[in-house]
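Quick note on numbering: the numbering used here labels position 196 of the sequence shown as 212, and the sequence is numbered without any gaps.
Hints are supplied without guarantee of correctness; some may be wrong.
Computed Cβ-Cβ distance ranges for the label pairs, DEER-style [what the hints assert, rightly or not]:
1. 63 to 308: 30 to 36 Å
2. 223 to 337: 25 to 31 Å
3. 129 to 226: 29 to 35 Å
4. 223 to 88: 40 to 46 Å
5. 423 to 326: 23 to 29 Å
6. 91 to 66: 26 to 32 Å
7. 226 to 69: 44 to 50 Å
8. 350 to 183: 42 to 48 Å
Calculated directly from the structure, the hints in this document are not laboratory data.
Positions of the beta carbon are idealized from the N, C-alpha and C atoms, including for glycine.
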Amino acid sequence: MTADPGARHGAPPSRDRTDRWRQVAHAAGLLDADGSVRPTIFAEMSALATQTGALNLGQGFPDVDGPASVARAAAQAIADGANQYPPGSGIPALREAIAAHQHRRYGLVVDPGSEVLVTAGATEALAAAVLALAGPGDEVLTLEPFYDAYAAVIALAGATHTTAGLRAAPDGFRLDVEALTAAFTPRTRLVLLNTPHNPTGAVLTREELAVVAELATRYDALVVTDEVYEHLVLDADRTHVPIATLPGMAQRTLTVSSAGKTFSFTGWKIGWVCGPAHLVDAVRTVKQFLTYVSGAPFQPAVAFALQDEDVAAWVDSLVASLAHRRDLLCEGLRAAGFTVARPQGTYFVLADATALGFDDGARLCRELPARAGVVGVPVSAFTHPGSAVDDALRPWVRFTFVKREDVLVEAVARLQQLRG
Numbered sequence: 017m018t019a020d021p022g023a024r025h026g027a028p029p030s031r032d033r034t035d036r037w038r039q040v041a042h043a044a045g046l047l048d049a050d051g052s053v054r055p056t057i058f059a060e061m062s063a064l065a066t067q068t069g070a071l072n073l074g075q076g077f078p079d080v081d082g083p084a085s086v087a088r089a090a091a092q093a094i095a096d097g098a099n100q101y102p103p104g105s106g107i108p109a110l111r112e113a114i115a116a117h118q119h120r121r122y123g124l125v126v127d128p129g130s131e132v133l134v135t136a137g138a139t140e141a142l143a144a145a146v147l148a149l150a151g152p153g154d155e156v157l158t159l160e161p162f163y164d165a166y167a168a169v170i171a172l173a174g175a176t177h178t179t180a181g182l183r184a185a186p187d188g189f190r191l192d193v194e195a196l197t198a199a200f201t202p203r204t205r206l207v208l209l210n211t212p213h214n215p216t217g218a219v220l221t222r223e224e225l226a227v228v229a230e231l232a233t234r235y236d237a238l239v240v241t242d243e244v245y246e247h248l249v250l251d252a253d254r255t256h257v258p259i260a261t262l263p264g265m266a267q268r269t270l271t272v273s274s275a276g277k278t279f280s281f282t283g284w285k286i287g288w289v290c291g292p293a294h295l296v297d298a299v300r301t302v303k304q305f306l307t308y309v310s311g312a313p314f315q316p317a318v319a320f321a322l323q324d325e326d327v328a329a330w331v332d333s334l335v336a337s338l339a340h341r342r343d344l345l346c347e348g349l350r351a352a353g354f355t356v357a358r359p360q361g362t363y364f365v366l367a368d369a370t371a372l373g374f375d376d377g378a379r380l381c382r383e384l385p386a387r388a389g390v391v392g393v394p395v396s397a398f399t400h401p402g403s404a405v406d407d408a409l410r411p412w413v414r415f416t417f418v419k420r421e422d423v424l425v426e427a428v429a430r431l432q433q434l435r436g
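Required output: the full structure, derived from the provided sequences and hints.
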C-alpha cells in the first residue's frame, strides 16, 4: 500500500494563509500589477548606479564616517568585552545619556529606567510602536509624502494608513492645515509624525505642530514622532521643536530618534524611544520579540557621543557642511532646469522636472544614469499611488546631498547635460 503524501506530510496550508504576506505587500504598495513583489526603488536605483557607474544621489547615507573618537569608543568596548547580550532596555549608561540629552536640549524630563528604550535603529522603534498601539479598525495618520517604511509597518499591524499632504511653497514644503484637519477621524489612533521631514526636508514650526497637537488631543490620538534628523536643521532661522514639549503633549507622545544620522554611523543601528512609561512598556513588549537586543559594543560608544563636547562640536561642523552641500546641489539642480524646493533640514532635496519636459519622475530616474550619469529616487516612492499628492509630485525627484563635496560638484556638472 502506498502512503498518501498528504497524510505523511500534512495537507498544504490554504492559499488564504500563505497569501497573508501578499495582503501586507499590497497594502504597502510593494506589488506590481501582475502580483509579483517588486524590489524597493532604493535597491533598484542603487543597482542601476552600480551597473552604469553613475553617481548615487539616491540612497541617503554618508560616504564619510563620523567622529574617530566615537569609533574608538566602540572598538574599546569590544576590547573590554561588551560583546554579549546587553540589557533588554539598553545599557544604563546609554539610557541615562538619552534622558540627559532630552533634558539638556529640550527641557523634557524622562526617567531613564522606565521611560527610555534602546532599539535596533529608529526603524525598529517605529515598527514596534505601531505594532503595539494600532491594529485592525484603527487609522494611522502620516504626512504625505512619507518614509516608505511607514506604509509597510502600518500594513503589518493591519491598520489603515491615512495621510495629509504637505504642499510645496516658496520656502519649501509646508503643512496643509486644511488637509490635516480633514484627515482626522474618530478612528485615528496614531499620528506618525516626522520632523525634520524625509523626503521633503521640511522642519515643522511650533505653530504647525500646535495644529497637530490640538487635533490629536481633540480626537484622543497618540503621537509617535520620528525625529532622527533632529540635529540636522540647516538654517539659523529654523529650530527643531519636539511635539512632546508642547502643552499637554508629553503624556500622549512617543519620541523616536537614533544615532545614525546625527553621528554619521548609520550602520550601527542604535535608536531609542522615549515617552510615558506605560507607552514605552507597550513598545518594549513588542520589541523584545523582534530583535530582543542589538549593538552591544555600539551602545557605550553612543552614550559617549551624546555627552562629549568635542563630538557636539563635530555635529555643529557637520550641519554647516551639509548646509553648504545643500546649497551647492540646489543651485546645480536649478542650473540644470529643475524647480527646487529648498529643504530646511535632513539629507535631501526635492526637485520638480516638469520644466525639463518630464511628467514622470520614476521614468526620469530610470533614464538619468544614461542621460547624465546620476541616480536619484522618484518622489512617487513616498506617496500612495493615485492620491492627490502622488499626482502633484509625480514629476518630482529626491536627491541626497550627504555625499562628499567633490562627488556633488561632479554630479552637478553631469546634470547640466539635461539642458540639452
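Hints broken by the structure, by number, lowest first? 8
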